[in-house]
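> Between the sequences and the hints, there should be enough to build the whole structure, so can you do that?
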Amino acid sequence: MAEILIVEDEFSINELIRRNLNLTGHRCTQAFDGLAAADLLENGKFDLLVLDIMLPGLDGYQVFERAAGTPTIFLTAKSELTDKLKGLAMGADDYLTKPFQMLELAARVEAVLRRTKKVETEFRMGELKCDFDRHQVFLDERAVECTPKEYELLEVLIRNRNIALSREKLLDLVWGYDFDGGTRTVDVHIQRLRRKLHLENHIKTVYKLGYRLEVRE
Amino acid sequence: MKRRTFFVMLILFLVFLNSMILIVSTVILNDKLSADRERCLAEHYVIASSLIGDMQALEQRGNAVEENIAQLARSYSRYLQGKSGGLAVAYSGKWIYKSADPMPAGSPEIPPDTEQKQERMVYMKDGTSPVLCVYGSFPAPWQDYGLLYVGDLKDTFSSWRYTKNFLFLMGAVMMFVMAFFLSQFLNLIFRPLRQISGASAKIAKGDYGSRLLVRGKDEVAGVARNFNLMAEQVEIQIQRLREIAEQKQQFVDNFSHELRIPLTAIYGYAEYMQKALISEEERYECTRFIMSECGRLQNMADQLLDLALLKHGEDERKAEDCSVAALFEQSGRVMRVKAEEKGIRLSYAADRDFSIPGNMEQLLILLNNLIDNGMKASRPGGEIRVSACLKESGAVVEVEDQGIGMAPDQIAHIKDAFYRVDKARSRAAGGAGLGLSICDSIVLLHHGEMDFFSEPGKGTVVRLCFPLGKGKDFTDF
Numbered sequence: 613m614a615e616i617l618i619v620e621d622e623f624s625i626n627e628l629i630r631r632n633l634n635l636t637g638h639r640c641t642q643a644f645d646g647l648a649a650a651d652l653l654e655n656g657k658f659d660l661l662v663l664d665i666m667l668p669g670l671d672g673y674q675v676f677e678r679a680a681g682t683p684t685i686f687l688t689a690k691s692e693l694t695d696k697l698k699g700l701a702m703g704a705d706d707y708l709t710k711p712f713q714m715l716e717l718a719a720r721v722e723a724v725l726r727r728t729k730k731v732e733t734e735f736r737m738g739e740l741k742c743d744f745d746r747h748q749v750f751l752d753e754r755a756v757e758c759t760p761k762e763y764e765l766l767e768v769l770i771r772n773r774n775i776a777l778s779r780e781k782l783l784d785l786v787w788g789y790d791f792d793g794g795t796r797t798v799d800v801h802i803q804r805l806r807r808k809l810h811l812e813n814h815i816k817t818v819y820k821l822g823y824r825l826e827v828r829e
Numbered sequence: 229m230k231r232r233t234f235f236v237m238l239i240l241f242l243v244f245l246n247s248m249i250l251i252v253s254t255v256i257l258n259d260k261l262s263a264d265r266e267r268c269l270a271e272h273y274v275i276a277s278s279l280i281g282d283m284q285a286l287e288q289r290g291n292a293v294e295e296n297i298a299q300l301a302r303s304y305s306r307y308l309q310g311k312s313g314g315l316a317v318a319y320s321g322k323w324i325y326k327s328a329d330p331m332p333a334g335s336p337e338i339p340p341d342t343e344q345k346q347e348r349m350v351y352m353k354d355g356t357s358p359v360l361c362v363y364g365s366f367p368a369p370w371q372d373y374g375l376l377y378v379g380d381l382k383d384t385f386s387s388w389r390y391t392k393n394f395l396f397l398m399g400a401v402m403m404f405v406m407a408f409f410l411s412q413f414l415n416l417i418f419r420p421l422r423q424i425s426g427a428s429a430k431i432a433k434g435d436y437g438s439r440l441l442v443r444g445k446d447e448v449a450g451v452a453r454n455f456n457l458m459a460e461q462v463e464i465q466i467q468r469l470r471e472i473a474e475q476k477q478q479f480v481d482n483f484s485h486e487l488r489i490p491l492t493a494i495y496g497y498a499e500y501m502q503k504a505l506i507s508e509e510e511r512y513e514c515t516r517f518i519m520s521e522c523g524r525l526q527n528m529a530d531q532l533l534d535l536a537l538l539k540h541g542e543d544e545r546k547a548e549d550c551s552v553a554a555l556f557e558q559s560g561r562v563m564r565v566k567a568e569e570k571g572i573r574l575s576y577a578a579d580r581d582f583s584i585p586g587n588m589e590q591l592l593i594l595l596n597n598l599i600d601n602g603m604k605a606s607r608p609g610g611e612i613r614v615s616a617c618l619k620e621s622g623a624v625v626e627v628e629d630q631g632i633g634m635a636p637d638q639i640a641h642i643k644d645a646f647y648r649v650d651k652a653r654s655r656a657a658g659g660a661g662l663g664l665s666i667c668d669s670i671v672l673l674h675h676g677e678m679d680f681f682s683e684p685g686k687g688t689v690v691r692l693c694f695p696l697g698k699g700k701d702f703t704d705f
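In the order they appear, the protein sequences are chains C and P. Take any residue in the first sequence, count from 1 to its spot, add 612: that is its number in our numbering. Take any residue in the second sequence, count from 1 to its spot, add 228: that is its number in our numbering.
Since the hints were derived computationally from the structure, they do not count as laboratory data. You may find that some hints are simply not true.
[What the hints assert, rightly or not] One side only, chain P facing chain C, incomplete, derived with CB under 7 Å:
#: 1; residue: Arg-488
#: 2; residue: Ile-489
#: 3; residue: Thr-492
#: 4; residue: Ala-493
#: 5; residue: Tyr-495
#: 6; residue: Gly-496
#: 7; residue: Glu-499
#: 8; residue: Leu-505
[Said to hold, decoys possible] Using C-beta positions, here's what the derived DEER-type ranges look like:
#: 9; chain 1: P; residue 1: Ala-640; chain 2: C; residue 2: Gly-637; range: 15 to 25 Å
#: 10; chain 1: P; residue 1: Gln-502; chain 2: C; residue 2: Asn-655; range: 31 to 41 Å
#: 11; chain 1: P; residue 1: Asp-481; chain 2: C; residue 2: Arg-807; range: 52 to 62 Å
#: 12; chain 1: P; residue 1: Lys-619; chain 2: C; residue 2: Thr-641; range: 49 to 59 Å
#: 13; chain 1: P; residue 1: Leu-487; chain 2: C; residue 2: Thr-759; range: 43 to 53 Å
[To be verified] Which residues of chain P face chain C? A partial, calculated answer using Cβ under 10 Å:
#: 14; residue: His-485
#: 15; residue: Ile-494
#: 16; residue: Tyr-497
#: 17; residue: Gln-502
#: 18; residue: Lys-503
#: 19; residue: Ala-504
#: 20; residue: Ile-506
#: 21; residue: Glu-510
#: 22; residue: Glu-513
#: 23; residue: Cys-514
#: 24; residue: Phe-517
#: 25; residue: Glu-521
#: 26; residue: Ala-536
Glycine included, C-beta positions come from ideal geometry on N, C-alpha and C.
Next up, the structure:
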């Protein structure tokens, strides 16, 4: 759970980013021009800044200069190398070009938060508790035995909660690109997780797509 | 070219110089020979006269002339030895005396043609050294005697040869001098050509700014001047092409940027709907976003098409006289509804009805676009005044609003495609940023002018001015 400031002048895109970040449990504040963003940065503390470069009022670089060390992901329609280099040279943590995909946004936000130690160390849902530091899962405060792959699969599902992940994506994220087994492996592991952790009502099968861990917050 | 000119000129010079030397030396030789001839004739005369005197004296003394003539002749030949001459005396067809030197080898045979007794004859004999011979018979009563005088030409020839060699030597020296000056001169003549060739090579490599220094008023300077004119034209044309290409590139860049925003939104919301757990309300909101972004794309496509048609002049709708009253009426029908929705007062005023030469449909698009811009800039309760009047410069139509206005640097960019004074506001209203580009194209097609007068916070006046005389060539623009 992190405090994120989204600065983007396009209302529809700003809203889209907010909705996406809300899914994975972040709290978002929205700003639609550079000056408003600068005001918000002065008065509040944010864990992450998602910042468009072409903004009315102050442009993204100017806002970034006033952000005073807040971790920043630049967001722009321009994909030119020079813009990327300028942003990164100024100390931005990452870069995202429009159009972007949901998982890409989530992954980059996650990566930056992890680097800046703002990532959650445990996750609780009902009687389930997952300790990310020690790689342990508890049910009613009692440790549950999990294979490394089962644990990793659970962590990926938690980190991307409320987002449907395809079987192929899960294979990539948990087993790696060079894994030879088919998508059946994913199904088998999902079944085991559901049974062990009583998650039958939370890990939903999404039609034609894959699996989604649903968490009401 | 230079090399060829150099050799041709040098050869011509050599031929000319050497023939002059040849002619001069021939003339000198002839001159010398004729002087020698005179000298020999004189000598012959003197010796022959003296010999005749001596022979007369011998005869008077009763001595036999025939025996003593050789004796007499010897004394003369001794005198002649100092002058390198020689003597021979003939009597009735036979030589009776010959001096040793400088008789030509194989030596004068029987005096030729003794018949012509009174005549003296001069001839040359070639041998080891050329000699000049003068032969003449004595007058009566000694007509049987003849005297041959041989004059040596060695000195004459050797001095002539010396002169001739000297002249040729000088000729050779002159040739080198000439070659040097000629090459310098040709370098001077060909320098502008070399410069032209250098400059054209530079231009060919893409350095369109290179020019020649024009000096003087001769033909080469004319060529250089024309070359500079040509280079200037090439530079201007290239510059224009570059600007056009840059504009097009700018347009494409902006266009792709403009496309990306709605595409990002559409893709993003679709993916969100597919992957996230969403409520019915959220589903409705997402689809609304997708639909409005699609509407924006549609709008952009329409306006782009309009703009393309206008820019290429493919719009073949005819020019006619458009009544201002009709124009205002048609515009009012559409725009008044919009104005009411936004709570803006819209008024049309013309001092009297007159016609603007042009295309009614395009003028309507133009006017409505401007009114639309005015409404976007106005706050609710604002006022937009459209007025028309006839002036000396032509038909003037003004659209005035009391909205937010623009700063001068914004006005400078306002006609650029995809430029927006206020991005968020314009996009929220569904604008594609092409309205004024279209207006500008229409104004251009009508040979008119469009000016903006604005102050931030106070409002904007757009003044359209159409010349009245130029309606006829509208279609073939």
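> Please go over all the hints and tell whether each is borne out by the structure.
How the hints compare with the structure:
no. : hint                                : verdict
1   : Arg-488                             : 5 Å, holds
2   : Ile-489                             : 6 Å, holds
3   : Thr-492                             : 4 Å, holds
4   : Ala-493                             : 4 Å, holds
5   : Tyr-495                             : 5 Å, holds
6   : Gly-496                             : 4 Å, holds
7   : Glu-499                             : 5 Å, holds
8   : Leu-505                             : 5 Å, holds
9   : Ala-640(P) - Gly-637(C): 15 to 25 Å : 47 Å, violated
10  : Gln-502(P) - Asn-655(C): 31 to 41 Å : 37 Å, holds
11  : Asp-481(P) - Arg-807(C): 52 to 62 Å : 55 Å, holds
12  : Lys-619(P) - Thr-641(C): 49 to 59 Å : 55 Å, holds
13  : Leu-487(P) - Thr-759(C): 43 to 53 Å : 47 Å, holds
14  : His-485                             : 5 Å, holds
15  : Ile-494                             : 9 Å, holds
16  : Tyr-497                             : 6 Å, holds
17  : Gln-502                             : 7 Å, holds
18  : Lys-503                             : 4 Å, holds
19  : Ala-504                             : 5 Å, holds
20  : Ile-506                             : 9 Å, holds
21  : Glu-510                             : 8 Å, holds
22  : Glu-513                             : 8 Å, holds
23  : Cys-514                             : 8 Å, holds
24  : Phe-517                             : 5 Å, holds
25  : Glu-521                             : 6 Å, holds
26  : Ala-536                             : 23 Å, violated
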